[in-house]
Amino acid sequence: MGFARMMRVETRCVASAPRPPPSSLARRNPRGRRPRHVASASATRVTHRPSPALPTPQRRRGGPSVVAARANAAAAMASYTPAQWFAVFLGYACIVGSVFRCLPQVHRIVTRKSVEGISFTAILSEFLIYSINLAYNWHYKYPFNTYGDLAVSWFVLIFVLVLMQWYRRFEAKKVAVVAAMSAAWCLVLFTNVLPAYALSFLQAASALGLAFGSRIPQIWLNFRQGHTGELSIIMFIANALGCLIRCFTTLSLTQDMLLLFNASFHFVLNTIIIVQCADTRLGGPRKRKRGEVLPRGA
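Residue numbers for the sequence shown follow the UniProt record's numbering, beginning at 1 and rising by one.
Check the hints yourself; a few may be wrong.
Stated by the list, open to error - Distance windows between CB atoms, simulated:
1. Ser200 <-> Val275: 28 to 38 Å
2. Phe86 <-> Ala172: 46 to 56 Å
3. Ala78 <-> Thr191: 29 to 39 Å
4. Leu241 <-> Trp220: 22 to 32 Å
5. Ser264 <-> Phe100: 16 to 26 Å
In short, the hints are calculated from the structure, not lab data. The model shown is predicted, which means the values in this text are computed figures rather than measured ones. All C-beta atoms, glycine included, are put in the ideal place defined by N, C-alpha and C.
With the hints as extra help, turn the sequences into a complete structure.
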């Protein structure tokens, strides 16, 4: 009896899973789909096609190079020494000070409604040169605290040029030509049209350009007139102090010799104009007539 029971269990296990005939499979799948229990070689292939709408690291704004640059900058800031952190603080202080540095000159022009003693060539040349310096720092992705004062001065120079046009009333054609050329100049500098070596050459030449295009004409105009007119001595004192700060921040943070040379050269030129302004404020305008011999020490 036990043997018969075992035979019935074995027979039931074998006959429990009957396989349907092919005709029944066709009736259940009228569209020719494969049943789930039928294995297929193509079903084992796994293909991954990323959707073009999904953002990938290569399609993100800035690209991997910008991300790497930011990571390197963050790593560099993490390893700053106390002197470098002090340079960062001075850099931001210089940016804030540049706002108050430019206000006296603008306030003096607006209150007196005069631009006497201010050279248009000097202001325009300074604007073009500051554009080079600003584009150079922007191209090499230096920290903003190392050149933010240039951006403030750049916008203030644009405002001073507008004030000079308002009070002097230059010819419309000349103003249009100067405005168009200045816009084209800035477009070339800030759109990475120039290669890096050309921008570095312009940065090196900007020191001489500032000397012969801005500061030296202003120094010569002050000497020829015998006074400094409406020039603000506070502005040039702040300029000289800012140049000293930039020398320190450049040596501490970027070690860029071109920026160091420009800051040092600007300091010398600003110091000369400070001496002229101090001579005018303290001694008054000195007008030398023909044949007049000034006493010694005058």
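Numbers of the earlier hints that this structure fails to satisfy, in rising order: none
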